[in-house]
Amino acid sequence: MMEYKGYKAQIDFDNDAGVFVGEVINTHDGITFTGRSVDELRESFRRAVDDYLDLSCDMGGDGEQPFSGRLSIRVNPILHRAVADCAAREGKSLSAWIAECLGRAAGVAKVKAG
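All letters in the sequence shown, in the order written, are residues 1105 to 1218 by our numbering.
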């Protein structure tokens, strides 16, 4: 995982093309970049974020701010105890257990608590 100006990127390797491929994951806007080395990938990521912010500014906006990964919710105390008990039974933190459940419900694989 790479981070720049609050934007986080998931990195994969395209074996056929022989290139690293990155995608910013904490925004709805599609920001992608590539690089053949780690240094090239890092520079490409920074350039992609900076270009995105410049373009957004030129269009009269600030760009979509990255998602922080923090989610604050209020629930009934009975539900709070029930989910805490479920997490404890599975040997997980409450955050990890909730993130896993939300990931399943949203159809997002490999979700970890922030």
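Bear in mind the hints are in silico, worked out from the structure with no lab data behind them. Do not rely on the hints blindly, as some may be mistaken.
Unchecked claim - Computed spacing ranges between beta-carbons, pair by pair: (1) Gly1134 / Ser1176: 21 to 29 Å; (2) Val1142 / His1184: 40 to 48 Å; (3) Gly1207 / Gly1122: 28 to 36 Å; (4) Leu1159 / Leu1198: 35 to 43 Å; (5) Arg1140 / Ala1188: 41 to 49 Å; (6) Val1212 / Arg1140: 26 to 34 Å.
The beta carbon of each residue, even a glycine, is placed where N, CA and C say it ideally should be.
Hints, one by one, checked against the model:
1. Gly1134 / Ser1176: 21 to 29 Å: For Ser1176 against Gly1134, whose Cβ atoms are near 27 Å apart, the range 21 to 29 Å holds.
2. Val1142 / His1184: 40 to 48 Å: 43 Å, holds
3. Gly1207 / Gly1122: 28 to 36 Å: Given about 31 Å between the Cβ atoms, the range holds.
4. Leu1159 / Leu1198: 35 to 43 Å: Given about 39 Å between the Cβ atoms, the range holds.
5. Arg1140 / Ala1188: 41 to 49 Å: 47 Å, holds
6. Val1212 / Arg1140: 26 to 34 Å: 29 Å Cβ-Cβ, so the 26 to 34 Å window holds.
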